[in-house]
Amino acid sequence: MKLLDSLCERSARQLARRLSRRSVLGNLGAMLVGASLVPLLPVARGAQPHRSSAEPKADPGDPTQCDYWRYCAIDGFLCSCCGGSQHSCPPGTEPSRITWIGTCHNPGDGRDYIVSYNDCCGKSSCGRCLCNRNENDSPLYVPFRSNDYDWCAGSQSGIPYNCSISRIIGVAK
Amino acid sequence: MKLLDSLCERSARQLARRLSRRSVLGNLGAMLVGASLVPLLPVARGAQPHRSSAEPKADPGDPTQCDYWRYCAIDGFLCSCCGGSQHSCPPGTEPSRITWIGTCHNPGDGRDYIVSYNDCCGKSSCGRCLCNRNENDSPLYVPFRSNDYDWCAGSQSGIPYNCSISRIIGVAK
Amino acid sequence: MSSGSLARRLFPGGHLAAFAFATLLPCMAVAGPPLANEAATLQTLPSQPSPHWVWVNDIAFFNMPDGRATLVDGDKGTVLGMLSTGYGYVGVVIPKDRQAIYSPESYYSRGTRGVRADVVTLYDPRRLSPMQEVAIPPKRAAILSTSSAAALTDDDRFLLIYNFTPAQSVTVVDTRSRKFVGEINTPGCALVYPTGPRSFFSICGDGALLEVSLDDTGHAASIRRSAKLFDSQKDPVAEGGVRVGNTWWFTSFNGMVYPFEFTSQGVTVGQRWPLFSAPEQAQGWRTGGLQYLAAYRRSGLLYVVVHQGPLATHKDPGKQVWVYDLKSQRRVQRIALRHEAGSILVTQDASPLLFTCFLGSGALQVYDARTGRYLRTVESVGQTPTFMVSP
Amino acid sequence: MSSGSLARRLFPGGHLAAFAFATLLPCMAVAGPPLANEAATLQTLPSQPSPHWVWVNDIAFFNMPDGRATLVDGDKGTVLGMLSTGYGYVGVVIPKDRQAIYSPESYYSRGTRGVRADVVTLYDPRRLSPMQEVAIPPKRAAILSTSSAAALTDDDRFLLIYNFTPAQSVTVVDTRSRKFVGEINTPGCALVYPTGPRSFFSICGDGALLEVSLDDTGHAASIRRSAKLFDSQKDPVAEGGVRVGNTWWFTSFNGMVYPFEFTSQGVTVGQRWPLFSAPEQAQGWRTGGLQYLAAYRRSGLLYVVVHQGPLATHKDPGKQVWVYDLKSQRRVQRIALRHEAGSILVTQDASPLLFTCFLGSGALQVYDARTGRYLRTVESVGQTPTFMVSP
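Residue numbers (the working numbering), protein chains in the order written: chain A, 1 to 173; chain B, 1 to 173; chain C, 1 to 391; chain D, 1 to 391.
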């Protein structure tokens, strides 16, 4: 992976700066620099074509299925099964204000996308479509690459966790 | 059942008076008169011999099994599987101060016993050995014959329900 | 064609192959514009619910601090959202104008211990978020759910909640002022069945009804105990009555139908009739479940969950629904269910759905209520679903 | 013989037959004295726990307001009792003197909304009832559980709790005064690993350790950031280290063993060695799970849950436990499990048990830790059991 890391490093640093400006919490910038040094990982499970998508599309797959490409490191209940979508939270919940960042490979256009895993907060566990994939998941001491945190921490709603979304925030050039 | 009711009525009234003196809450006496007019019902499920009890005993059966004779109208988690027994509550819980009264047939001695179903209160659901048998269970408007109430109501611990016990409080002569 | 599908052609399946390929991808040219960045958004619901939506209440019997209600779209077979509703939850109450969702809830300051707080939470039906909270006495009956534990008067003005401490009473909440009004004692009588804009009855342990009328402030104007309308010892009616116009329809453990007809003068029992013929009774057919009755009002049909079993199986689920014409008192249809059902609900629109669920399963089934044809299953709508309510 | 068994002889099975018979029983003479009446009693536990008891922590991922810990007797295969421990529960902390159970807990005034309260509840280990509550800042890290989220200093004096808001810090509670002492900021570093009566370390995102020493009031006396001890990008160590004497043993995602040896001078990494031979690595053997390491200190053995799978399966459970001699750095045993395990615990007595559980199952398995022989399964010890603790 050494070669790849160096390939990605430049754009990753740019991403880090962009994100740190976006971040709502003061001390996130530094951590996100580390967080964004994400080697491009295989998305073997994500690359599996979903039955319902015969034609290759720009965003192929079924967002209610765990093998959807952009869930390559998600851990929780899919909001797409809970009244939300792959990038929107169910009614009455709040998107977490802090997230963790990953990179997933989109088999539809062959690109690797930087995705932000937001949790939706303020209600109890949705309980539907539990999905745990750990491509590039890191231990708890690398928070912004770890899917074992409840990312509702820091949201107005507090820690109660309902479900998880994965939204595109950039292309990993 | 008509004959039986009249057969039972006398002892039932005596029971009612005994219970009403025992009751910790003022307005229970009257209700218990109604509650104690229990026709003797078959305990088909309770009468099934448990594998482990080959010899007929005075109190046959396995208190961790739903088919134990004195569970003939229990509805909930068996305290015998939760750190208690058929007549004792698990550590850290509180026996409910009000109960409902039923009659179960003991195949060991052929007698019918008046049993008191106490709930054990103050912790969340034990979650083990769920057992629901409804011999002589009545609708909610006959509270002291209904197993659909959380009998932790009125206990110091309040309504949180952990598990249920069934203790002998008399013989239905 | 996309390099993704190319990858699949070249390397069908294999993790390592896919991995080796993926590591080269960044170096390859890719056609077409990239997918746009996305903001995290929040769903809201349309102002008018579909007639084919249904609320499924969940007491979460294995984890009772986490009661909930889940809103399901019966046509799409999808979950639209949920409410978190506290300890030992019974169910939501929906006013006719659908401008709020009323939810009687209980909480402890430490989950299962500490100080108990009972409230009626008002939820925004489009945002499914709390709008307001009305404090009520911590007396709400802790029971395995029934739709008769709480109800609105016919004009939606007063919310009535059954209490059991074990003293029995009814809490009254004014939905206009959104305040607790007071308590009405109902000694020996339980549950609430509305009979008009200012009246309801409770069922008493001896088979009588307690008929209560309210004044415009929500206090009791009159309380009257009826004669004994049924034998609560030998053949009690189950709690789960269904209302059609000015009649509450109940059925007894032994399958006798009791129409409780009410006027401003009070409640009387209309003509009783049996659900089961003598041969059917001999075969052990009986009703069973929790919300085992449903009415389709347009056609005056009664849907009943039935099974074969001995006495004391009155809580057992069934795999058949028998449909009766309330006028002719005849069975007009038998529906064979795919899965056991303890609770059913029929929608009131022109092309009604039959919803079924069961405490012992987390799934909801959807059928065509007219033909009985199975349509779909919605998985994981709760841990121990109790009864359903139309939004 | 009893009339009950007579009844069964006369009427094998049939409900109606049994019914007909039962109705006659009251009129029949019965031999022997009746069973005595019983009072409702309350169980308590012996003052000394058995070495074969184990606490199973449950985050209840599908119903997170209802976290719990369940105490199991591994010899009898029975449940001894439970604690209800609030939202997003991590786990109990047991002092060496076993005179209390410390439980960091979080509660909301309305279950999943309202005001958050974080507390350390002290439970009586014999009665399993709350003795006292220590209020702490509402900052406790909400994480999928690990045993390193909270710990006691070696002399049991100070309880350390990892915070994430997302600012990282450690809450210190004095177990003598039973009061919150203060917070120690640990920017960029997580979790707590005790190294003495007044010291612990946290692991930093860059592979360094933050070494903290406390004064006798529980405040930080010194904070020192070590050199980078491992590569947190290329081959991070998993959080679930196990301690043997003055060494914390960790293993990396790729199966390298890292001994973190500590003295009063600080922490250094001892000799590293691989769990898997080159052929084993080629076959895809790797560690996986949550509490996938366990140590048997008397014999210096390391128990490791292993499975075969690609990268990114570091959370997958395994069906084998490989046992290593920490001195010889050689594998001395392979244990084939009956059921998948994500977490394991080995008791420290002379005839040790191996406990296994898995988030995806509610059951606990018990094995002989020396022979690997399967002994028994204890069903329903939680909804999503996370990790285990010896009482």
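One or more hints might be untrue.
Claimed, not checked - For lysine-lysine, the following DSSO-like pairs were computed, each having C-alpha atoms within a straight-line distance of at most 27 angstroms: (1) 96/C - 173/B; (2) 173/A - 96/D; (3) 96/D - 179/D; (4) 76/C - 57/A; (5) 57/B - 96/D.
Hints in this document: simulated from the structure, not taken from any laboratory.
Hint check results:
1. 96/C - 173/B: violated (54 angstroms)
2. 173/A - 96/D: violated (54 angstroms)
3. 96/D - 179/D: The given pair, whose Cα atoms are some 19 angstroms apart, holds under the 27 angstroms limit.
4. 76/C - 57/A: holds (23 angstroms)
5. 57/B - 96/D: violated (45 angstroms)
Hint compliance for this structure: hints 1, 2, 5 are broken, all remaining hints hold.
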